[in-house]
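Basically my numbering = 1-based index in the sequence shown + 593.
Careful: at least some of the hints might be erroneous.
[As the list claims (entries may be wrong)] With a cut-off of at most 16 Å between alpha-carbon atoms, the simulated EDC-like pairs for lysine to aspartate or glutamate come out as follows: (1) Lys-1104 / Asp-1166; (2) Lys-1386 / Asp-1413; (3) Lys-1063 / Asp-743; (4) Lys-1400 / Glu-1474; (5) Lys-746 / Asp-1166; (6) Lys-1457 / Glu-1430; (7) Lys-1047 / Asp-743; (8) Lys-685 / Asp-882; (9) Lys-1210 / Asp-1198; (10) Lys-1290 / Asp-1193; (11) Lys-1457 / Glu-1501; (12) Lys-685 / Asp-659; (13) Lys-1047 / Glu-1014; (14) Lys-1457 / Glu-1442; (15) Lys-1175 / Asp-1241; (16) Lys-1481 / Asp-1515; (17) Lys-1344 / Glu-1276.
[As the list claims (entries may be wrong)] Ranges between beta-carbon positions, derived for each pair: (18) Arg-1143 / Asp-1381: 31 to 41 Å; (19) Gln-1379 / Asn-1337: 16 to 26 Å; (20) Gly-1108 / Arg-1143: 39 to 49 Å; (21) Gly-1011 / Ser-1188: 32 to 42 Å; (22) Lys-1481 / Thr-802: 54 to 64 Å.
No lab work stands behind these hints, which were simulated from the structure alone.
No residue lacks a Cβ here, since even glycine has one placed at the ideal position from N, Cα and C.
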Amino acid sequence: MNRARRIWVTAAAVLAIVGSSPGWAQAQPATGTRPLAESADSDEGLPPDWSVTGEGSARKLVWRSDARVPMGDARVEFYAGDRLLGHPAPAKDGRTFRLGLDGVRLDSVQDLQVRAAGRRLDAPDAAPGSSSGPRAGVTVPPRPPANAVDPGKPGTYRTVTGEYDLDPVRLPGFPEPVEMRAVVVTPKGAEGRRPLALFLHGRHSTCYTPQGETTGDWPCATGSKPIPSHRGYLRDQRLLASQGYVTVSISANGINGQDWQAEDGGAQARSSLVRRHLARWADWSAHPDTAPAAVRQGPRADLSKVLLVGHSRGGEGVNRAAMDSLYAPPPAQDGAPDPVRWHIRGTVLIGPTIFGQNPVADVPSMTILPGCDGDVSDLQGEVYVDGTRQVSRGAALHSAVYVVGANHNFFNSEWTPGQAEAPADDDFWNDEERRDPVCSPGTRTRLTADQQHKAGATYIAAAARLFVAKDDRVRPLLDGSARRAPSADPATVLTHAVGARRGAGFLPDGKVTVGGAKLCSAVDPSAATACLSAETAGASPHFARWETDREPGRRAVALRWSAAGSAARISPDRPLSLTGSKALALRVIVPPNTSGTQLDVSVTDTAGRHRTLGRVKVDGLPGSDRTASYWAREVRVPIGADDAAALDLRHVKSLEVTPRTRSGRAWLMDAWGWQPGTPEVREAPLPRVDIGRLTVKEGDSGVRTYRVPVTVSGQGSGQVRVFATDPATNTVTNRLVTVRPGTNSIDVSVKVEGNTRYGYDTGRDVFVKAVRTAVVGAHLGGVTAQNDDPMPKVSVTPVADRVTEGKPLKWRVSLSAVADANVSASYALLPVTDGRELSTKDVAPRWYEEMSGASPDPERPLSKDGIYLWVDFEPGRTTGEIRVPTVKDQVAEPAESVRFQAIDDSGEPQPGAPVITGTVLDAS
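Whenever a hint applies, use it, and build me the whole structure from the sequences.
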């Protein structure tokens, strides 16, 4: 049977539908999909693959993909143009995504989009800037010299592997228990207590069947098995164990199968799970005889030296675990009530998400950015570096490690085809008809799975050696000093960093004056203001979008020149001191596939003395319109004794950057006084901010004022930026707020007006980001006012339900009350059981084609094409006319009729609903 195309039109228009009898009680949810009109007086519908289902509070915007969307770590998001509508819920088929429309304005439906980490899912060929023309040839930066110490070399210990499986635990907001399962790899024969490295995998399919099907279910259905994602880091674990570390990789399928409904994407739940395991390890370290066999076979773990390694959403999870270990979360949202008996020395974040953009400034971190990431493709993990600047003391090193040619999945062998127990794939979306010059398999820049995993293991070991073992000899591998680890060859690995022994900084984010260049915004809809316009081919990890399309406080200095010699000058609001610095380190972006951009770097002191410190050369990364390759390279110019003699380095008032190539573009992210070394990190006592969600009933009358729940805990005072949405205008306001425990400085009120009209849920969202000396846990919350009024009843009065051919069948449809939301009544056409049925040739051809999407030829009964018809009442409307237009022919024939019945949630005729009929008589 040809499935009908469903049509949605407003009640104010002439509607083609048969209604119910006057006694039929209430409007039913219209769960059959239907295109949504752009406005009350437009009949233009949704783009292909989009629909709207349901009614009132159950109304949902639905997108169905032509192919299954692999379960990944980046959040699927619905947009209208550049406006974020929300995060849809996935269906079990892996192709359908639904977003509740309560309180969501759809001013236009012509530019609906589905994105994940900035990548279009509904139009994969519509990469940002893909219309800008072909790229230049791919260029690869020269390979840096080898570092003196290579952490990728195995150590002297043999390793032993085992597993434990404890009783599952319950976590707040998750209806199903979460497993406490892990694989342990330890050094055999190691004496004394040993540092502990804990691994947490990311969001991946949870279950698989012998037939090769995968799902995101939890618990797994009968006949399916859990995917062992936690076993995917055995190579990394064995390398660390050979070097003397106790390692454990924990399973989080129970979170992956339920985190779609968590406002933070599961970050707090993952933190709770990590800390549950750490609490057990603390118990076992104190009482070894109580430990599982897999733990007893190795040395005791030293919980004062813990490294957390997280992949994708697991990266965000271990970041939150580091935060929660220092600054306790509100008890109501925490699933790990045990006291902290461990010290996290650092985190490793592999292709991580950071939905909250809330890195922990006082815990050292290394973030691996895979250059061919097809999941978290905007490389938003760069915020773990950029987002720590000037938030706290600045002693912790935060390193970004860009791995050219690496994808998202192959850091985990259980996500790698040919190595995984369950079905797996390459997350970079390769198109054989449009091969990517950087990331398609077989290109000279794309890594094989083994090459990628070897590079990942080497740099995980580098972070362990620097953050935990305090071996400063590996720092040049992580801090932008342009050294490589031979064990990672042939991978091209590039790094930059902030923190450690960097001193005074020229930061575009702060109070600065810029001349000869433009101060641009990382996130802004205006091409004149944004650092990269939407038409740019490719993207930048530094400019990854957050919760809003316009974000103050994230900036860079944009340079564009057509001739050498025009300086850009950056002047902070007060002089900086470069005393003691051995170099000035700059992070500079140049366009991908460019090479040899030369810049002179100069400074001027408050006495007006000017000195050029040196010249740097900056090469771009290999890139395409599908990669995030606008990434800053770290370059340095030395500061020597002659510079100190010529300038007052204690009072430097400006930095000048002068292009020496003929033309080009560049973006300065920041510049810092630099010294070698890794200082001891002492965590600052800081206030912590958590935003909650309050859900209330609207009531029948009066106006009530509610306040967004905010918890400020911890110590001291700090500054955060608070963003608040206006549901009436869909605009976002922001302000800087000073917070301290015991105060209510973040005071966002929401007025809720009660009434007795059926309507949508309404509310207001608030999100917050740390600016200075503060941390943010739950970054997103607000107030939601639920509709508590019943849906109006629908009555249908026949106007002309027995007509001669050529005249329309007509009914008047009425609502029992005015509603503040769209109300629909939906029906299916049924076969006629007594007499002759109206055929496809008995109705107006255009009407039939609009209703069914099919041709009326050959002639057949109307019910054969499964037509669904309905009326939709816009808010404030209570009546509408509906009709079925018939045509007059020259054939003598008996009376013909049609039958309709209301449908249920599945789109099938509703049992017990009245059957509605209309009759057409022969005109001859």
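These are the hints, each one checked on the structure:
With a C-alpha separation of about 6 Å, the suggested pairing of Lys-1104 with Asp-1166 holds against the 16 Å cut-off. Annotation: proposed proximity of Lys-1386 to Asp-1413 holds, straight-line Cα distance about 14 Å (limit 16 Å). Of the pairs offered as hints, the one joining Lys-1063 and Asp-743 holds, with about 15 Å between alpha carbons and a cut-off of 16 Å not exceeded. Proximity of Lys-1400 to Glu-1474 is assessed by CA-CA distance (about 15 Å); at most 16 Å being required, the pair is judged to hold.
The straight-line distance between the Cα atoms of Lys-746 and Asp-1166 is roughly 48 Å, outside the 16 Å bound, and the hint therefore fails. The hinted pair formed by Lys-1457 and Glu-1430 meets the criterion: a straight-line CA distance of about 11 Å does not exceed 16 Å. Between Lys-1047 and Asp-743 the CA atoms are separated by roughly 13 Å; this keeps the pair inside 16 Å, and the hint holds. A C-alpha spacing of about 44 Å is found between Lys-685 and Asp-882, which places the hinted pair above 16 Å, so the restraint is violated.
Between Lys-1210 and Asp-1198, the direct Cα distance comes to roughly 25 Å. Violation of the 16 Å bound is thereby established for this hinted pair. For a cut-off of 16 Å, the pair hint linking Lys-1290 to Asp-1193 is broken: about 63 Å separates their Cα positions. Note on Lys-1457 and Glu-1501: the hinted pairing holds, with a Cα-Cα distance of about 15 Å set against a maximum of 16 Å. As the CA atoms of Lys-685 and Asp-659 are separated by approximately 15 Å, the hinted pair is consistent with the 16 Å bound.
At most 16 Å may separate the alpha-carbon atoms for a hinted pair to count; Lys-1047 and Glu-1014 exceed this at roughly 20 Å. A distance of roughly 14 Å separates the Cα atoms of Lys-1457 and Glu-1442; the hinted pair therefore holds under the 16 Å criterion. Our distance criterion of 16 Å between C-alpha atoms is met by Lys-1175 and Asp-1241, whose separation comes to about 15 Å. Taken as a hint, the Lys-1481 and Asp-1515 pair is honoured in the structure, with Cα atoms around 8 Å apart against an allowance of 16 Å.
Simply put, Lys-1344 and Glu-1276 have alpha-carbon atoms about 40 Å apart, too far for the 16 Å limit, and the pair is violated. For Arg-1143 and Asp-1381, the Cβ-Cβ distance of about 35 Å falls inside the hinted range of 31 to 41 Å, so the restraint holds. Checking the proposed 16 to 26 Å range against Gln-1379 and Asn-1337 shows it holds: the Cβ atoms sit about 25 Å from each other. At roughly 25 Å, the beta-carbon separation of Gly-1108 and Arg-1143 lies outside the given 39 to 49 Å, and the hint is violated.
At roughly 35 Å, the beta carbons of Gly-1011 and Ser-1188 sit within the given window of 32 to 42 Å. Hint check: Lys-1481 to Thr-802, Cβ distance near 58 Å, so the stated range 54 to 64 Å holds.
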